[in-house]
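Read top to bottom, the protein sequences are chains A, B and C.
Take 1 as the starting number for the first sequence in this note's numbering and just add one per residue.
Take 345 as the starting number for the second sequence in this note's numbering and just add one per residue.
Take 935 as the starting number for the third sequence in this note's numbering and just add one per residue.
Simulated from the structure, these hints should not be mistaken for lab results.
Backbone N, C-alpha and C fix where the C-beta goes; we use that ideal spot for every residue, glycine too.
Please note that the accuracy of each hint is not assured.
Unchecked claim - Cross-link-like lysine to aspartate or glutamate pairs, in silico, EDC-like; alpha carbons within 20 Å at most: (1) A:Lys337 with B:Glu881; (2) B:Lys676 with B:Glu688; (3) B:Lys792 with B:Glu627; (4) B:Lys676 with B:Asp691; (5) B:Lys676 with B:Glu881; (6) B:Lys533 with B:Glu828; (7) B:Lys533 with A:Glu147; (8) C:Lys1030 with B:Asp736; (9) C:Lys1100 with C:Asp952.
As the list claims (entries may be wrong) - Which bits of chain C does chain B cover? Going by a derived footprint, with three or more residues having C-beta under 8 Å, they are: (10) 981 to 987; (11) 1079 to 1091.
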Amino acid sequence: MDLQIALLLGQDGVTNGAIYALLALALVLVFAVTRVIFIPQGEFVAFGALTLASLQAGRLPGTVWLLLAMGTAIALIEGATAVRARRFRRLPLILLLNCGAPLLLAASLLAVSPAGLPLPVQVLLTLMLVVPLAPMLYRLAYQPIAEASVLALLIVSVAVHVTLTGLGLVFFGAEGSRTPAFTDASFALGDAVLQGQTVLVIVASILLIVALYFFFERTLYGKALRATAMNRTGARLMGISGDLAGLLSFTLAGAIGAFSGVLISPITTIYYDSGFLIGLKGFVGAIIGGLASYPLAAAGAVLVGFLEAYSSFWASAFKEVIVFTLIIPVLLWRSLKTRHVEEA
Amino acid sequence: MKRSLHSTILLLIFIVALLAAPALLSEFHVTLLNYIGLYAIVTLGLVMLTGVGGLTSFGQAAFAGLGAYTSAYLTTVHGVSPWLTLPAGLLVTAIVALSLGLVTLRLSGHFLPLGTIAWGISLYYLFGNLAALGGHTGISGVPPLHILDVELRSGRDFFYLIWAILLGLILATRNLLDSREGRAIRALKGGSVMAEAMGINTPRSKIVVFAVAALYAAVSGWLYAHLQRFVNPTPFSLTQGIEYLFMAVVGGVSHVWGAILGAGLITVLKQWLQDWLPRLLGESGNFEMIVFGLLMILVLHRARDGVWPMLQRFWPQEVRRAHAESVPRLAKRPLPEPGSVLLEVTDASKCFGGLVANDRVSFRVRAGEIMALIGPNGAGKSTMFNGISGVDPLSSGRVSFRGQRVESLPARRIARLGMSRTFQHVRLLPAMSVIENVAIGAHLRGRKSFIAAACRADRDEDAQLLQEAAMQIERCGLRDQMYEPSGNLPLGRQRLVEIARALAADPCLLLLDEPAAGLRYVEKQALAELLRRLRAEGMGILLVEHDMEFVMGLADRVVVMEFGRKLAAGLPEEIQRNPAVVEAYLGGVE
Amino acid sequence: MSAPLATEERSVVLEVRDLSVSYGKVEALHGLSLRVHRGEIVTVIGPNGAGKTTLLSALIGLLPLRGDLVYLGERQSAGRSVEQLVRQGMTLVPEKRELFAEMSVSDNLLLGAFDRYRAGHRDQLETIDHVFDIFPRLMERREQMAGTLSGGERQMLAMGRALMAKPRLLLLDEPSLGLAPLVIREIFRTIAHLRSIGVAMLLVEQNARAALQVADYAYVLETGNISLEGPSGSLASDPRVIESYLGLGGRH
């Protein structure tokens, strides 16, 4: 390996690592706040990338149907609850929020041709289509058993993951997609060439991490999420309900996932089931952080990115084996750090 | 063991149906049943791991893969007999499972399933990329099995072998769960604190149950390799591992028969969905996973115990109501000389962050005396109990028990020396009968291990343990509730079950944390009577209790704690008249 | 839903009739009734295990209860949630404090006003100054992590955090628990001060003397039943209170 290849691989590693770091942060957040191990995080990456690709190809992305279906399901459940409690005045809002908004979005997609829109609008539309799926998922799949054990919630996560992957196949087909690069710019860095897209991914990831930091440190809603993670009862007594915190953390995770998908769509070909492996690499990072520490999780994820990049050079067939076997020494290290057995 | 007539008849019908199946069914249906049997073997392991032990794994398919690939490789490349590759496959699986278990099982519960996901993926890619294992095309030409001189070539030939192994494993699993080690595994679900305080080595139990589940999967993989006579990575992927967990949960994750039911339901449903979903959607793909996923979410929301308990409602439940009466008693530990010092606590301190919960507390408990530890809420009494019993070790100070320093020993080692305790917040396994809960207390008095239990070579000892449990239950006045699930008892009586469990350990020092809370007056008197009798026999008793009438009428000596410190010590009458104590209890600001 | 109020009941903040609470199959509180008026401190005293914490947890909606619960003139439905009650100005200072250990004192306080913030009020900075006036010690420690505070400071923070919600009814669960006498004195002085600024309080205490000194009216809770009640002055000298604590009398 000469220097040029090493730099090229390093570029790959840092780009992927940045994405994994974003995902790792979202996973730690969701776990800390809701105790849900959010396996379907990766599906949001895939859905984000593929929705953008569909829009650019002038197709109606299948995620629209999912949004409509989940909205309707929530409207039915919430509506039935409101009717039973005789709170009829809530019905219009429930309908508007869960059915009206998705319908409006679907109608506007049909009205204009999204392929002709400028890129930022396409990205915005993608986020509007994919991000709301996350809180809806929380409402439908997790909220009814929010008090269940971590294990039960994990099994639900796996069930949600396989459902979403299957739906991804229905929506987007087995063909992969890759969107055109956001920018053609490139910079010379000594002998190596630094792609504009790479710089974009890194800068965007850093900006997003800084924004998250400010959200958690400076806003009351961010602090409320941290408070729920630290002490659920204490937070409830302050009026921060577990459901509110759950919806909020899922929204953030969905946004991070979908945005990551948008960022990598020009770099890699994304298939309906690519999200899972991408999400799991974020997980390896999150586990390095013990599912608790944000900086360690982010650092671990970047490490995973580098490991992946360099092992794809040395032993490309065993790339996944190496990355996922890394988890064993990591768990061993964590296990030696833990003094006694924790209670479930 | 005696079983009710109904269950026996159902089992016989099931076995007759199985025997007749190959003769009556088409090749297609026999094959389907073969697969159900193979899946059920893996699922059975998951039932034991998840439903009984409270752990889980998404990597069972990878373990099956180890069994299958080991056999396929050794038989095709080295020409080893399939009957020798079975133990080889089991050995490989055991080594992998044990090392994976060792690194994850010390961590909290969710790291094991996460570890198995990662491991499931990496093994799948390893199978697919190793040239020696045929890469993604796999290994073909795996030889068939021979039994004596009969070659098992068709699915029909294989049918009896698969189902005989499955039924054998179900029997062994049931035997194991109904034994000393089985109760230890079932105790894992109630949290490791109680189990450890009863002397159970919980990391060992966890690793064993994880390894056993992995070995079941390996057996299934071995059978699969020789049934198909061909292996490739696909059936050992993570997706298949997830499907196994679905089978266990849908069938009924706490029931051994739920494994067959779940494997059957999911396999048939999958067959059916794979037929018509692609027609509906106009393309091919794993669309059945959408339905499975939704089904799982529904099951977990609405019927977390799965389908088996629903079926079970249709026939009367067998409740075992007998234990052997005429077995030799378990050997008892010789009790120390009455009046000799059993427990000596010196300068015990415990800090939680900036809070000092115990501050240099010292006292002694002698054999044949009842000593009460009292004090207002938050004075640090339960913290002291946890420190003495090793559940949550002290920050500093010495504890010697029967002349041996124990402050840095784990709870299970201290239990082995003859200290037994109850918990303020009752820690019983609510679904388990009272007698089985109490028998957990006698864990250290038995010796027979897993294999003995699985083949019922432990019956004499187990009868002794149960008889001991029954005796302690009667002593605590719970004879009529012996076979009730302990969760059905009122809270006060559950505390008595805790005392019976502690007594079943044959302790010489008994630590009771609020034993009288929630008891009615008559029950309290009976409890006081029991404690007096134990004292007369020479046992030492350390008691935390808030019912002053109970304490003052019973205790020989009283230690009062306040703000983590020892406030006073003495005879009950002295304590009641001590102005500092009155002040501590009634408080005051002036 | 809201029953018309009789004039004389207008000053009743909380009225509980025939309240029972069960854990599973075990009933912990059996049909007890009590009342708190505006600007009044009512205390529930009693020995350990009598069900005092259970009572407060049920009132704030952490545990399901049976019986009638009328708060600020409105009957509360059985399905009421903690969040709804917090929105209506009921706040609990729990026995375990339940602070946010890895957050600063001022962040803990700000979160106390979370529900008011969500409802659109933006007066947190004034309220926090007010809380600092009451607990100057919190002002000194405002950048410190809550987990590093001493026992007394933790209790102050728990109370200060509750005050950030500008409660109409403050439920206090064992504020003296595990605290040294000097600190207890300070806490109770604060409780008396809070009454003078119009906060109604339901105070659950094991420290009977301190509670009776500060309260207007008292109930003695014993094994899930109210065994005695009356103006706190008269209960303070009642020998039966002492009996129920030290098991001196030969009851039953």
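To see whether the hints hold, each was checked on the structure:
no., hint, result
1, A:Lys337 with B:Glu881, "violated (45 Å)"
2, B:Lys676 with B:Glu688, "violated (24 Å)"
3, B:Lys792 with B:Glu627, "violated (57 Å)"
4, B:Lys676 with B:Asp691, "violated (33 Å)"
5, B:Lys676 with B:Glu881, "holds (12 Å)"
6, B:Lys533 with B:Glu828, "holds (19 Å)"
7, B:Lys533 with A:Glu147, "holds (17 Å)"
8, C:Lys1030 with B:Asp736, "holds (19 Å)"
9, C:Lys1100 with C:Asp952, "violated (29 Å)"
10, 981 to 987, "holds (count 3)"
11, 1079 to 1091, "holds (count 5)"
Checked against the numbered hints above, the structure breaks hints 1, 2, 3, 4 and 9 and satisfies the rest.
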